[in-house]
Amino acid sequence: MPPCCSAGTDTGSEPLTLLPRLVGSGKTHTMIGSCDDPGIVTRSLDRIFSLAGQSSSRLTCVFLSVLELYNNEFFDLLADSAGDSRKKLQKGGFTPQKVNRRDKIEVVRNGSQSSLKGKFTKLTVQSPEVAVAAINRALAARATSGTCLNDRSSRSHAIVSIQVQQADTSASASTVGSLYMVDLAGSERLKLSGVTGEAQTEAVHINTSLSALGNVLTALGKPTRERGLVPYRDSKLTLLLQDALGGNSKTLMIACVNGAAEQHQHAVVCLQYAARAKRIRNFASINVDTDKSSEIEALKLEVGLLKQRLLDRAREVEAARESSEHFELAEKAAECERLQALMQNHESERLALEARLHQVVNGRQMIEIQENDKFRELQHQLFLHNEKLLESYRDSQLHKYPPNWPVRGDYMTPYPVPCLTVGANRRELEAKEAELEGKRQAEAALLRQQEELLARNQELEERVRKLEMERLKETAEASAFQASKEAIAECRTPDGSPLIFHTPAPITPEVPQNWAVGDGRFHPVALQTHCDEDMERRASMTSGALGQAGALTRKLSGSVKKMAGGFRAFGAFNMARLSDAGASLARRRSSVESEQPGPPPARSSGVSFQKLRDEDEENRGSSKRSLDALYSSSLTSSDGPSAIVSVQPNLNHRPQSS
Amino acid sequence: MGSEGEAILVAARLRPQLSGDDGIKQCLSVSGSNQVLVSAPRESDKHAFTFDYAWGGDVSQAEVFAQAAPLVDSVLDGFNATIFAHGPSGDESPCHPVAVLEPIQALNH
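Line by line, the protein sequences give chains A and B.
Residue 237 in the working numbering is what sits at position 237 of the first sequence, and the numbering runs on without skipping anything.
Residue 1109 in the working numbering is what sits at position 109 of the second sequence, and the numbering runs on without skipping anything.
If you're looking for bench data, these hints aren't it; they were derived computationally from the structure.
Some hints here could point you the wrong way.
Said to hold, decoys possible - Among the chain B residues that face chain A by a calculated CB cut under 10 Å, a handful are: (1) A1007; (2) K1025; (3) Q1026; (4) G1032; (5) S1039; (6) E1043; (7) S1044; (8) W1055; (9) G1057; (10) V1064; (11) L1071; (12) V1075; (13) P1088.
Stated by the list, open to error - To spell it out: a stretch of chain A is covered by chain B in this simulated footprint if at least three of its residues, at any positions, have a beta carbon under 8 Å from a beta carbon of chain B; those stretches are: (14) 38 to 52; (15) 175 to 185; (16) 250 to 261; (17) 274 to 280.
The structure displayed is predicted, hence computed values, not measured ones.
Quick reminder that beta carbons are idealized off the backbone N, C-alpha and C, glycines included.
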């Protein structure tokens, strides 16, 4: 193998070989194409499925097979081991592999049409995507190799067989159309393509099949009567294409040529082939599958299988559901049993607890009864004891009190109260309290009198203050008068400005006739004499009144002081007496209480009380007397001028002459 | 379907021009929709082949398939159909490898 062909099919990967130019005629490009620019195969599948999808009344089944014719043997390219058997064939030299005769793929004539028979994959495809994927997978396993002439020379004929079975749902008949798409390997001249050995064998087979095809085409190109036997059987390729060439098929033959001038000869040969094929006439007819062919059988079988699987699945689901239900039921039963056991447990526990409760309650009742009995016994004993005590007490009392001594209280009162003694004492006490109340009332009356006196005193003081106020006013007037008199004497106003008498003076209501001067003006000398006289008169009057008032005030304040002292003394005395009486009473009461069990003291309290009353009477008399005295003194002092009257000194320094 | 039958469809397709083909002299050309002209230095070698379809190098895959589509449609009606492509695999001129790069897998070993 020349170096340029080194990398190839053995590694299964694309050899990246750079050649000066790309040769090849574009057969594979036309049929298969590339992913970006698909060829006839892919486009046909798309079209078949789109057309099948349009009619809803027809059932369409599409079967796909991909084969290759390599060294005059068919190989299934869709099989999982695609390429393996061929590789064995390649490695094993020229001996064809032993294959079971029944499994061997052969072309058989079935009546007027040829079909493939043997063990090969017939894929049921549902969508063009699946089909194209399968085809791409299959073609990847196809035998190609880079030769000197082409980097990816097809070393086998690839056959894509698509069977379209269409069943009309209403009619029993169905149609079966087969579409063969064949990508032939290229013919080449061995001595120039540079292949040897294995590749040479391939080339030999390729050329044989192609020459057989050429022969068939030549034969078919002749008129029917000159034709004779068409050599279809020379090659498996021509056998396969028997229908396509002059049989029951519509055929499109595409001659792919390279327009390069160097390939001129090849191109012309190829075109001559094609021109020969032009004369071939086919007799295509619709393949109606009336006798329920194997396809229908296969379909039915498949449908049955699918149904069976569906049923199995449904059964499985049912079984699963049932088992799950069974499981659930079992679970529930177990739960029930568990709950019942629990209930039984609880019941027994409850019974035990109840029994225990009964025991406890009975025991309690027993204890209660015992306790009650004991209590009653004790009560009885207590009662007896009390009786005894009372008896003994009565016995002892009988010695002290007359037999008809009233017994008060019940069993629980240990000693009877000496009621008579207490009653006498109480009466005494009540009398004393009444006395005290009377004293309190008298004291209150005295206090009222005192208040009256104080009010009177206040009144007097008010009068004195008024008089004082009057005196002060008069003094002020007198001084003002004096000042004005001096001013007049100096012929000026008291504030120093010269005096001009235009208007009559305000304090001269009556002016003697002889004061008036001929021109209606007052004579200052006459006026002054008049004023002096008036002043003296007023001063003497004022001083007399003031003296009287001062004497009165002094007398009043003295008598008030005396009265207050008397009151205070009297109040203190009374209070002392009252407290003494209260204390003695308290003493008496406590003594009476402490001496209760014994007989009451015979006369002591009465004597002391009498004494107290006498004292009280005496006190009252004295206080009244003193009060009377006070009253009389105050009255006499206010009535007559018997008290000493002294003239106030501030009046004495008043100037008697001016 | 007449007694004469139906002629098979024959088409010729010129390989699309690739980048490596620049400056290579071409001897084939398409004329019209169904003629392939073979140009040659000698006048006697010149040919004109007429087919059902003739596709130049600039015809797209979709345009090619447009002529194959009726056959595919007939398959759905129950007819058999065959589409096959043939052609020479290369020329007789010796190859001139510039470089051979091993596959990446091999490099990784």
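So, going through the hints one by one against the coordinates:
For A1007/B, the interface hint holds, since its Cβ comes within 10 Å of a Cβ in chain A; the closest pair sits about 5 Å apart. Contact between K1025/B and chain A, as hinted, is supported at the beta carbon level, the nearest pair being about 4 Å apart and thus within 10 Å. This hint holds: Q1026/B has a C-beta 4 Å from the nearest C-beta of chain A, less than the 10 Å allowed. A cut of 10 Å between beta carbons decides the hint on G1032/B: the least distance to chain A is about 15 Å, and the hint is violated.
Evaluation of the S1039/B hint against chain A yields a held restraint, the C-beta minimum of about 8 Å falling below 10 Å. The closest approach between the C-beta of E1043/B and any C-beta of chain A is roughly 14 Å, which is over the 10 Å cut-off, so the hint fails. The interface hint given for S1044/B is violated, since its Cβ lies 12 Å from the closest Cβ of chain A, which is over the 10 Å cut-off. With a cut of 10 Å, the hint placing W1055/B at the interface with chain A holds, because the nearest CB-to-CB distance is about 8 Å.
Because the closest C-beta pair between G1057/B and chain A is about 7 Å apart, less than 10 Å, the hint holds. Of the supplied interface hints, the one on V1064/B holds, with its beta-carbon coming within about 6 Å of a beta-carbon of chain A, less than 10 Å. Taken as an interface hint, L1071/B checks out: its beta carbon lies about 5 Å from the nearest beta carbon of chain A, inside 10 Å. Interface hint status for V1075/B: upheld, as the beta-carbon distance to the closest one in chain A is roughly 4 Å, under 10 Å.
Checking P1088/B against chain A by beta carbon gives a least distance of about 4 Å; that is within 10 Å, so the hint holds. Residue count for the region 38 to 52 of chain A with a Cβ under 8 Å from a Cβ of chain B: 9. That meets the three needed, and the coverage hint holds. For the region 175 to 185 of chain A, the stated coverage by chain B is satisfied: 11 residues place a CB nearer than 8 Å to a CB of that chain, which reaches the threshold of 3. Only residues whose beta carbon comes within less than 8 Å of a beta carbon in chain B count, and the region 250 to 261 of chain A has 12; three or more means the coverage holds.
Proximity of the region 274 to 280 of chain A to chain B, defined as three or more residues with a beta carbon under 8 Å from a beta carbon of that chain, is established by the 6 residues found.
The structure shown violates the earlier hints numbered 4, 6, 7.
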